[in-house]
Amino acid sequence: MRFERRDIISIKDFTRNEIDYILQTSEAIEPLEKSGSDMLHGKMLATLFFEPSTRTRLSFEAAMHRLGGTAIGFAGPEGASVKKGENLADTVRVVENYADTLILRHPLEGAARLAAEFAQIPVINAGSGAEEHPTQALLDLYTILKEKGQIDGLNIALTGDLRYGRTVHSLAYALSLYDVRLHLISPELLRMRREVLDTIRKEIKVTEGTDVSKVLPEIDVLYMTRIQKERFADMAEYAKVKGAYRIDHDMLAGVKDALVIMHPLPRIDEIASDIDTTPHARYFQQVRNGIIVRMALLALILGAAE
Amino acid sequence: MRFERRDIISIKDFTRNEIDYILQTSEAIEPLEKSGSDMLHGKMLATLFFEPSTRTRLSFEAAMHRLGGTAIGFAGPEGASVKKGENLADTVRVVENYADTLILRHPLEGAARLAAEFAQIPVINAGSGAEEHPTQALLDLYTILKEKGQIDGLNIALTGDLRYGRTVHSLAYALSLYDVRLHLISPELLRMRREVLDTIRKEIKVTEGTDVSKVLPEIDVLYMTRIQKERFADMAEYAKVKGAYRIDHDMLAGVKDALVIMHPLPRIDEIASDIDTTPHARYFQQVRNGIIVRMALLALILGAAE
Amino acid sequence: MRFERRDIISIKDFTRNEIDYILQTSEAIEPLEKSGSDMLHGKMLATLFFEPSTRTRLSFEAAMHRLGGTAIGFAGPEGASVKKGENLADTVRVVENYADTLILRHPLEGAARLAAEFAQIPVINAGSGAEEHPTQALLDLYTILKEKGQIDGLNIALTGDLRYGRTVHSLAYALSLYDVRLHLISPELLRMRREVLDTIRKEIKVTEGTDVSKVLPEIDVLYMTRIQKERFADMAEYAKVKGAYRIDHDMLAGVKDALVIMHPLPRIDEIASDIDTTPHARYFQQVRNGIIVRMALLALILGAAE
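Protein chains in written order, with numbering that gives the first Met the number 0: chain A, 0 to 305; chain B, 0 to 305; chain C, 0 to 305.
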């Protein structure tokens, strides 16, 4: 399978075989996360972060450094100023001269696809609009695989803001390639987008609900997300909803012993801190897996692994 | 010729022989842009960017990385906060302890010269005030040389804002060392500064004008620059001028086949996108040449090339 | 003596033996500051700067690069945005996955200690609240040692803002482990904090005063600090105080030939520039020593030196 020079824009661009291949490459590369490597010595990535995402940026930079490569780029307020007056196509055609791959974060949907069309070097979408965040989906899959041994056959709940959270969109598409049962638990206002739902329903069994406690006893993986206050016009509605999509230690009575709780982070208070020390908590493990999966992706698209 | 430990402050500090030498070194180092090198392994540059210039900063950092060196520094909003309360001489005497060369961008004219006086390590001016941007001039010369085979004998137009654009000041000085004919095309309000004009007229034939279409058929190189709205008190005047200093595909009827169109970027809409795909467009090539010339400069002043 | 995996949070966590050991390691590592080394090749530090401190950040990054390691992180305005909504414990548990050591700067006292409790990798306090700045104290000690041959037996004045300056708190604690005589010279409003004074008085002879000129003839080291306008409600009071804690060339008549003048920088105008060229001025030497001491600390805690 050839990934060299390939763009990573949407999880929908990948077949199950390709995703499995990325996950296998991640397993193979995992020991290098500790030992380090010079596999990408002389290679450089450029981060173009038009909106802030310190965690994702650092994860890509760390992955590159662990493989012996280097990183340049801009982020946050500086990214905002770059945007002024110059169109994205020009920025991409400038910055691609500086590096071997571009890592793009942008507030607009479609930005990563546009960048990939103009760039002659591979582009990785590190989040664009509310649409997609493919590397997050891949690290989520890798975490499930590592924790459960396999993805097929699992009973998985996605919980919280399923409308605006780009993470859950990419993850839902990815999971629909596997033989899983999916529960989508959210407030009415924040239900999974219609286009995602229509697509994944063709592939797997999906139920929707508003009460997480109803599915808790039967699920293998609970994927929590943050509900942002800004989504609500009515603060009373927000207050009500917020409490209902929070999980704490008491709610874990009756769950499966091997229940895995995940979260893309940052969390506000969706997961009480008394869960952090339980064996269910895997959200910090996800962070570490993020580096490993990004090491694999960088090695693949830059031609150092195959 | 010795460049080790030399400051790069103004293009006026260099003789034609020295500039030719830098351009030759750039040609020699160009293959390393792709292959990479450890020529500057263990060397470090520090970027002191007191005003934002993401492209220039990334170009220097990429050049350093391609030669195996590393980069630290500050930029943008952080640069602004450094400025508070501490004078530039102190900042320079602090940061020079951290690195092997300083790359300075500053809103005030004369800042780079002052920094070089205080620093014991070489300083490169990455743009100071509206005055000078010597590495841009060098990469422009390198682009002309690569595209045309030689600089002598060419017919070159500089167009747009010739009053406030630091790029065109440095470039005009540099071109005056060669046997070229120079056309300066700008609105009345944005004519080339008197001191630049007086200096270059002693060396080469210079004409001034306001209509780019008049010189288009005879020129070999068209160097476009951006006209900034902020320069105009009268918006009606701006609107008129703006349209007159914009070039599109239709205007290229009758130009020389080998006409080269350049721009320091970012552009707003001075060059229509329908020109990007013509063989005349060389502005993204300039970006790549920028890395190569900066690799050569870093190698020279840090004693790795001679 | 084992420093591997040890946190550097407060100077109070170290015995005199341990501090002497760090200073000896600094002397041993000093030649590598010029020659470079690959001692920490493959190691990575992460800077978490929740408030700006460009100089300290660059010093740590430069130290890491000089030993062949790499650096990632956030700072300044981006740091401020990271803080929003996520607690420090979570940020630490995320970022520790990216690197081998965390360098933390935070506006709140106690933040570095908290970070160290949550992190499984060593944490270095790069300044937290008005409390402590241990690596600055170590570089100050190293400067005194290098300039004077030994610390014991010296007569040292700390001058300026002794109340809010974290640098002088850490330094006072550190000096109290040596056989020195300490003069604390400050405005009434900015006297040394009671808890520091009580602690160090148990160990060494300390005098307090408001007039630096009275101690100038007898001291070996004059440590100046900045008095910040923001500390004063009454601007007339500030104006009076400010002038009294400023030193210039004329005041040096009658001081010891070998008087060493130090300052943590940035200075505003506490030290007149006519002192910069005297042999007393050592504040830029402190900057260079800062890299050396931080190289030693990084090598120690990452297990590359012992």
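Treat the hints with care, as some may be off.
Unchecked claim - Below are the DMTMM-like pairs computed for lysine to aspartate or glutamate, each with C-alpha atoms no more than 25 Å apart in a straight line: (1) C:K255 <-> C:E236; (2) A:K228 <-> C:D89; (3) C:K228 <-> B:E3; (4) A:K241 <-> C:D275; (5) B:K33 <-> A:D89; (6) A:K241 <-> C:E85; (7) C:K239 <-> B:E85; (8) C:K33 <-> B:E3; (9) C:K241 <-> B:D89; (10) B:K241 <-> A:E3; (11) B:K33 <-> A:E187; (12) A:K33 <-> C:D275; (13) B:K33 <-> A:E269; (14) B:K228 <-> A:E85; (15) A:K33 <-> C:D89.
As the list claims (entries may be wrong) - Restraint ranges, calculated between C-beta atoms of paired labels, are given here: (16) C:R1 <-> A:G253: 44 to 52 Å; (17) A:G242 <-> C:F283: 29 to 37 Å; (18) B:G128 <-> C:A271: 49 to 57 Å; (19) B:E305 <-> C:F283: 49 to 57 Å; (20) B:D233 <-> C:D247: 50 to 58 Å; (21) B:E305 <-> C:E3: 42 to 50 Å.
Read the hints as simulated data drawn from the structure, not as lab findings. Backbone N, C-alpha and C fix where the C-beta goes; we use that ideal spot for every residue, glycine too.
Right, here's what the structure says about each hint:
Between the alpha carbons of K255 of chain C and E236 of chain C the distance comes to roughly 31 Å, so the proposed pair goes past 25 Å and is violated. With a C-alpha separation of about 20 Å, the suggested pair K228 of chain A and D89 of chain C falls inside the 25 Å cut-off, and the hint holds. In summary, the hint linking K228 of chain C to E3 of chain B is not supported, as the alpha carbons are separated by about 44 Å, beyond the 25 Å threshold. Restraint check for K241 of chain A and D275 of chain C: the C-alpha separation of about 60 Å exceeds 25 Å, so the hint is violated.
Between the alpha carbons of K33 of chain B and D89 of chain A the distance comes to roughly 22 Å, so the proposed pair stays at or under 25 Å and holds. The straight-line distance between the Cα atoms of K241 of chain A and E85 of chain C is roughly 16 Å, inside the 25 Å bound, and the hint therefore holds. Under the criterion of a C-alpha separation no larger than 25 Å, the hint pairing K239 of chain C with E85 of chain B is consistent with the structure, at around 21 Å. Simply put, K33 of chain C and E3 of chain B have alpha-carbon atoms about 17 Å apart, close enough for the 25 Å limit, and the pair holds.
Distance restraint check for K241 of chain C and D89 of chain B: the Cα-Cα separation of roughly 20 Å lies within the 25 Å cut-off, and the hinted pair is therefore satisfied. With a C-alpha separation of about 44 Å, the suggested pair K241 of chain B and E3 of chain A falls outside the 25 Å cut-off, and the hint is violated. Between the alpha carbons of K33 of chain B and E187 of chain A the distance comes to roughly 53 Å, so the proposed pair goes past 25 Å and is violated. For a cut-off of 25 Å, the pair hint linking K33 of chain A to D275 of chain C is broken: about 47 Å separates their Cα positions.
Between K33 of chain B and E269 of chain A the alpha-carbon distance is near 48 Å, which puts this suggested pair outside the 25 Å criterion. Distance check on the hinted pair: K228 of chain B and E85 of chain A sit about 15 Å apart at the alpha-carbon level, within 25 Å; holds. Proposed proximity of K33 of chain A and D89 of chain C is supported: the alpha carbons are some 22 Å apart, at most 25 Å. A C-beta distance of roughly 47 Å is found between R1 of chain C and G253 of chain A, which places it inside the suggested range of 44 to 52 Å.
Under the hint 29 to 37 Å, the C-beta atoms of G242 of chain A and F283 of chain C, about 57 Å apart, miss the expected range. At roughly 28 Å, the beta-carbon separation of G128 of chain B and A271 of chain C lies outside the given 49 to 57 Å, and the hint is violated. Taking the beta carbon of each, E305 of chain B and F283 of chain C are about 30 Å apart, not inside 49 to 57 Å as hinted. For the hinted restraint 50 to 58 Å between D233 of chain B and D247 of chain C, the CB-CB distance of approximately 51 Å keeps it satisfied.
At about 43 Å, the beta-carbon gap between E305 of chain B and E3 of chain C stays in the expected band of 42 to 50 Å.
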